[in-house]
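Enquirer: Listed below, chain by chain, are the residues.
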Amino acid sequence: MVRVKLPTILRKHTGGEPAVDAEGATLRELLENLEARYPGLTKNVLANDGGLHRFVNVYVNDEDVRYLGSLETAMREGDVVSILPAVAGG
Amino acid sequence: MTGHGFTEDQVQRYARHIILPNIGGAGQRMLIDSSVLVIGAGGLGSPVAMYLAAAGIGKIGIVDFDKVDLTNLQRQIIYGTSDVGRAKVKSAVERLRDINPTIEVVPHQTILTSDNAFEILGRYDVIVDGTDNFPVRYLVNDATQMLGKPLVYGSIYQFEGQATVFLPGQESPCYRCLFPQPPPPGTVPSCAEGGVFGVLPGVVGSIQATEAIKLITGEGAPLVGRLLIFDALMMDFTSVKVRWDADCPVCGKEPTVTELIDYDAFCGVPHADPTP
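Residue numbers (our numbering), protein chains in the order written: chain A, 25 to 114; chain B, 88 to 363.
To be clear, the hints were calculated from the coordinates, so they are not data collected in a lab. Wrong hints could be hidden among the right ones.
Said to hold, decoys possible - Just a few of them, taken from the derived set where beta-carbon distance is under 7 angstroms, the chain A residues facing chain B:
1. 31
2. 32
3. 78
4. 87
5. 110
6. 111
7. 112
8. 114
For each residue, glycine too, the CB sits at the ideal point set by N, CA and C.
Please take these sequences and the hints and turn them into a complete structure.
Expert: This is the structure in C-alpha cells:
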C-alpha cells in the first residue's frame, strides 16, 4: 500500500480527499490503479504520449521520479507518492 | 554595539538583530550594504518587501506595472484601501519608506521583458521572484542564471505554496531543472480564476524574505536543492529534492538557451494589458 498525496487542484477527483491509498508494483501500475478508481485523475499527470508531463512532478518520498525510474519506478510498502504541479501565482 | 559604522537610529532600529547570535553587528552591516530586487508587488511581494525593509536591506527595488485593485487587499498587505487605483510601486514605495526611511527604495513601474531584464536585475545582489505568471518566472530564472545572481523562488495557488532558492554556478539546479516546461496555456487557472487563500502568500513570502536575509548574511543552511511545499489546509510542510539536470537548456552541461527568449511566444500566454 502506497500513500498518494494530491494537490488541491486534483482533489476534485477524490471527493476532496487530500491523500488516498493505492496499489501497484511500479508507478505506472499505481497510476492505473488510481485512474480505475478516480477516472480523469491521471490525465493531469500523464501526457497524451503516455509519458509524464514536464510541468507536473511526481515524487516518491522526497525524490523526483525522473531521477529514479520514471513510470517504471518500483513502489515499496509505505512509500509516499506526491504529485506536484507547477504553479505560478504570486 | 556602535561598531560597523551604525548611526544612532540604526543602533536602536536594529537592536534586536545586533544582539542576536548569527546576525550581530556584522550581519546587520551586510544587510545594510546589500540590495534586493522584488519582482511583483502582490501577495508574495508584499511581505517580502516589508520584511526586507524592516530588516534594513540597504536598497530594495520593486517591479510591477499594475495598479492596486480592491480585490488585491484580501492578501496584498502592503496596500491600504486608500491606495486603490494608485500605481502599486508608488504605494509600495511609500509604505516601505514609512517602515524604514533609512533605506533606498527604487520603483520599477514596468513589465519585465527580455529587453530590460538584464539591466534591471543587474543592479541588485539578490532577486526575489513573487510574480504571478509563467512567462516572467522563466524569464527571471534564465536572467539570474546568466547574470550569476541568486534567485529566491516562491509561488502559490489556492491553498498551496512552493519555495526554494536557485543559486547560479556549476551543478546547482535552476527553475528549468525543476519544471522543464510551463503548462500549456489555459490548463492552470490564475489566482483570479482559481482563487487564493489570503494568508497563504504571507507564509510563503515570509519564507522567501527569510531565505534572502540568510543568503546575504551567509548564516544557516539555505533552501538550495530542496523545494519546500506548504499545504495550508492540511498545515503540512514537506520538502523534496531538487536535482541539477545535466541536460537543462540553461544551466546544463551544454546550454541551448544562451540569451533571453521571448517568453510570450514560448508560453503562449500574453502578458496582462499594461495600460488598464
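Enquirer: Are any of the numbered hints broken by this structure? If so, which, sorted upward?
Expert: none
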